[in-house]
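Listed below are the residues making up each chain.
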Amino acid sequence: MIYFDQVSKLYSSGQPALDSVTLSIAPKEFVSIVGHSGAGKTTLLKMLLAEECPSDGGVFFESSDIHSFKKSALNNFRRRIGTVFQDFRLLPNKTAYENIAFAMEAAGKTDEEIHSDVPHVLELVDLGDKMWNFPHELSGGEKQRVAIARAIVNQPDIIIADEPTGNLDPINTFEIVQILKKINDLGTMVILTTHNKGVVDSVGGRVVTMDGGRVIRDDKKGKYAL
Amino acid sequence: MIGTNFKRIIKSGFVSFWRNGVVSFASILVMTMTLFVLGSILFVNATLDASLSQIRDKVDINVYFVTTAPEDDIFALKSSLEALPEVADVEYVSREKALAEFTLRHQNDQLTLQALEELGENPLGANLNIKAKETSQYEGIATFLEDESALSTLDDTSIIDKVNYLQNKTAIDKLTKIVDSSEKFGFIIIAILAIASIIISFNTIRLAIYTSKDEISVMKLVGASNSYIRGPFVFEGIMYGVVAGIVTLILFYPFTVWLGPLTENFFSDINLFDYYIDKFSKIFFIVLGSGILLGAVSSYIAVWRYLKK
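Here the protein sequences line up with chains A and B, keeping their order. Going letter by letter, the first sequence gives residues 1 to 226 in the working numbering. Going letter by letter, the second sequence gives residues 227 to 535 in the working numbering.
None of these hints come from the bench; they were simulated from the model.
Once the Cα atoms are required to be at most 20 angstroms apart in a straight line, the calculated EDC-like pairs of lysine to aspartate or glutamate come out as: (1) A:LYS28 <-> A:ASP219; (2) B:LYS233 <-> A:GLU113; (3) A:LYS28 <-> A:ASP218; (4) B:LYS439 <-> A:ASP87; (5) B:LYS233 <-> A:GLU112; (6) B:LYS237 <-> A:GLU112; (7) A:LYS182 <-> A:GLU142; (8) A:LYS71 <-> B:GLU441; (9) B:LYS395 <-> B:GLU360; (10) A:LYS46 <-> A:ASP87; (11) B:LYS237 <-> A:ASP111; (12) B:LYS534 <-> A:GLU52; (13) A:LYS94 <-> B:ASP440; (14) A:LYS223 <-> A:GLU29; (15) B:LYS359 <-> B:GLU317; (16) A:LYS46 <-> B:ASP440; (17) B:LYS233 <-> A:GLU98; (18) A:LYS46 <-> B:GLU441; (19) B:LYS439 <-> A:GLU98; (20) A:LYS28 <-> A:ASP157; (21) A:LYS94 <-> A:ASP126; (22) A:LYS94 <-> B:GLU441.
Bound-form chain A, shown alone (with noise of 0.2 angstroms):
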């Protein structure tokens, strides 16, 4: 469903951020991929994103190039994935709900379907009682619960997590991947990068390991090998 062909990116100082990188992604999959810092696996998101285009090759999802699409196709595309981030990426200025509300009228969902759905997904990641809170007012692990919120509201075919648990202690490290898992069983395909040994071991699916911009390990059941 999620086809890299030999992506490569080239920044200014000539170093490969991406070295001719295939993979691809079958639907309702959890992937992992992991690599130290500068390996290449934000940059390999920021090109499932279209947030930057590779220098060589491309990046399809469901056999059409993703940086060939016109812009309203890109916002199209873009509501078909949730993101979820380090930095959680709420907006500042709006509560929970509103964050996760905000994604529903970008998609262009009914205020009734705004009602109904968002207190049902902040539920879902055990918030109800912070529906009001702005981001300021909450924890690193609510914060990111209201991310992962948003990042399912829509029902998306993609959950792309760019290490959700980075700044967060361990019980909600584990507390995360559990929610990542179950919306994995409900048939959403599920990215993840991270360092954090543990998670990837939890996880217990498929493991791909990048170093210098390149593919060096992808092992169907892995475990944690750098």
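Guided by the hints, dock chain B onto chain A, whose structure is given.
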């Protein structure tokens, strides 16, 4: 869907205006100053116009006729002068009126009055005061009069005694120059002030939106369309403009009350307060309109930078 989006954009813009109180306050403050400068330009212009037209009013040409000139000929000349496109107004002063004015002017000067009495008859001729529409047009009128004086004759002598244009020429030329250059100078100053204040306003709004640039990238990531992201920011900009415009209009009230009598004394007959009340609807639309336009355009351009892919 368009209606729902519009409603959401308005609501979101309003909420963000309220929650970013400090930023909104700062933007409104700067914008108020800009609108105040722009509005003041209207007042400066009105004062300048009134003063200049008063100066222009003081410039005229007088045609003095010989004492024996028949009134019919003078009236004929008057109507042909009035037919000239450059001429704004021609005033006829009869011999009797000229004498009365002369006596009035010299009422404290016994010597002159005595000399006048001894003459026994009215030594003053009738005259015409001619006012042109533009100060630069006096030369043309003077030439016309010279040709005319050759034509209108009485027993082969001209009925025109003298035209005082040549005597006044230097003064008229100087005044014409002053009027022209003060208009030009005024325009340059106004243009500089207006441009500077617009740039300052624009930069303030750009800075306000710069603080939201991460927010804009998050909005893009969740798949919001460009117009849906831009809408609330533009609406916020319009709100800055409306609030700043209203504040400016309120500030103009005490400002003109205070300045009104001053301008009336110093410059001309114009009282700025009366002008403000008189032209309120015009000033209202100009100030509020500039505010809305400035806010909307600045926000649009500022967000546009972050929406480029």
